[in-house]
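Trainee: In case you want the letters, here they are:
Protein chains: 2
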Amino acid sequence: MPHDHEAILQKVRQDLPTDELLCDLADLFKIFGDTTRIKILYALLESEMCVCAIADLLGMTQSAISHQLRILKDADLVGKRREGKTIYYHLSDEHVRTIVAQGFEHLIEEQMPNP
Amino acid sequence: MPHDHEAILQKVRQDLPTDELLCDLADLFKIFGDTTRIKILYALLESEMCVCAIADLLGMTQSAISHQLRILKDADLVGKRREGKTIYYHLSDEHVRTIVAQGFEHLIEEQMPNP
DNA sequence: CGTTCATATGAATCGCTGTTCATATATTAG
DNA sequence: CTAATATATGAACAGCGATTCATATGAACG
Numbered sequence: 011m012p013h014d015h016e017a018i019l020q021k022v023r024q025d026l027p028t029d030e031l032l033c034d035l036a037d038l039f040k041i042f043g044d045t046t047r048i049k050i051l052y053a054l055l056e057s058e059m060c061v062c063a064i065a066d067l068l069g070m071t072q073s074a075i076s077h078q079l080r081i082l083k084d085a086d087l088v089g090k091r092r093e094g095k096t097i098y099y100h101l102s103d104e105h106v107r108t109i110v111a112q113g114f115e116h117l118i119e120e121q122m123p124n125p
Numbered sequence: 011m012p013h014d015h016e017a018i019l020q021k022v023r024q025d026l027p028t029d030e031l032l033c034d035l036a037d038l039f040k041i042f043g044d045t046t047r048i049k050i051l052y053a054l055l056e057s058e059m060c061v062c063a064i065a066d067l068l069g070m071t072q073s074a075i076s077h078q079l080r081i082l083k084d085a086d087l088v089g090k091r092r093e094g095k096t097i098y099y100h101l102s103d104e105h106v107r108t109i110v111a112q113g114f115e116h117l118i119e120e121q122m123p124n125p
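The listed protein sequences correspond, in order, to chains A and B. Heads up: the first sequence is residues 11 to 125, going by the working numbering. Heads up: the second sequence is residues 11 to 125, going by the working numbering.
Any given hint could be a false lead.
As the list makes no split between identical chains, a pair holds if one copy fits it or if it spans any two.
[As the list claims (entries may be wrong)] Calculated cross-link-like contacts (lysine-lysine; reagent style DSS-like; alpha-carbon spacing at most 25 Å): (1) K83 - K40; (2) K21 - K40; (3) K40 - K95; (4) K95 - K83; (5) K90 - K21; (6) K21 - K83; (7) K95 - K21.
Hints are computed from structural coordinates only; laboratory data are not their basis.
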């Protein structure tokens with residue numbers, strides 16, 4: 011007979027958020043989980059930028075960048091501002107900075123040789 | 011003639027981390043960007059758990075969970091402990107808690123109606 | 001040793017997603 | 001209005017990755 015773990019299961023089930031919330035959370039991190047998007051976000055940490063500047067910076071197509079910016083915008087991670095023909099993108103809030111920073115810290119500690 | 015943005019580009023290029031680091035960062039977030047893995051991590055925030063308990067909790071195959079646990083382990087996000095036939099998984103550090111919490115905060119503010 | 005329970009692993013499949021290409025929209029200049 | 005620049009978008013394609021299925025490993029127990 012298989013072993014029992016109803017006790018733990020009940021406890022965990024109680025505190026587990028709804029499926030929908032957990033999916034939303036995964037979707038958010040999915041956005042950070044792409045090299046191109048991470049680079050865009052990192053660049054925007056420094057200063058607002060127009061699309062072609064980002065494309066130039068990353069050595070990628072304007073189209074590719076535009077597609078990614080759309081995803082970032084849909085997730086409310088960036089916002090835009092028009093100035094003539096040019097559109098400047100910027101971070102919409104400071105959460106990006108904190109989230110990225112936390113990721114960084116984990117990477118650093120991970121690469122440390124054990125003391 | 012296309013418009014100029016060398017000034018900003020130079021500044022940003024200076025402070026942009028190496029490609030390798032940015033990829034590692036994206037890879038880290040990629041791990042959080044899957045519903046199954048987020049759920050596993052969330053469960054482990056509460057208490058350590060054996061594989062079949064997690065499978066039971068999420069209503070998924072033992073095999074599927076095992077595959078995901080391997081990914082989490084390779085990324086040093088979880089560790090394991092053997093007790094007879096059973097193997098208990100636990101979070102390897104508290105960064106998971108902080109990273110997830112930050113993601114949460116963004117979600118909450120995002121869903122707020124503007125004041 | 002052989003059986004049972006718990007977990008791991010490898011191959012195959014199938015859906016998702018990032019890029020490309022072609023084209024559309026928008027703004028400014030002439 | 002036409003041309004040029006800047007960005008957006010849609011369809012198509014390719015590669016990756018999560019699950020499934022079958023099977024292997026590993027431990028305890030008689």
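Trainee: Up to 25 Å between alpha-carbons, please classify K95 paired with K83: within, between, both or neither.
Mentor: within (19 Å within a copy, 48 Å between copies)
Trainee: One pair to classify: K90 and K21, alpha carbons no more than 25 Å apart. Within, between, both, or neither?
Mentor: between (45 Å within a copy, 21 Å between copies)
Trainee: Between copies, within a copy, both or neither: which fits K83 and K40 at Cα up to 25 Å?
Mentor: both (14 Å within a copy, 19 Å between copies)
Trainee: At most 25 Å between alpha carbons: which applies to K40 and K95, within, between, both or neither?
Mentor: Close neither inside one copy (31 Å) nor across copies (35 Å); limit 25 Å.
Trainee: For K21 and K83, with the copy left unspecified, which applies at a CA distance of at most 25 Å: within, between, both, or neither?
Mentor: between (38 Å within a copy, 24 Å between copies)
Trainee: Cα distance capped at 25 Å. Does K21 pair with K40 within a copy, between copies, both, or neither?
Mentor: neither (28 Å within a copy, 28 Å between copies)
Trainee: With identical chains treated as interchangeable, where does the CA-CA distance between K95 and K21 reach 25 Å or less: within a copy, between copies, both, or neither?
Mentor: between (56 Å within a copy, 23 Å between copies)
In summary, the numbered hints that this structure violates are 2, 3.
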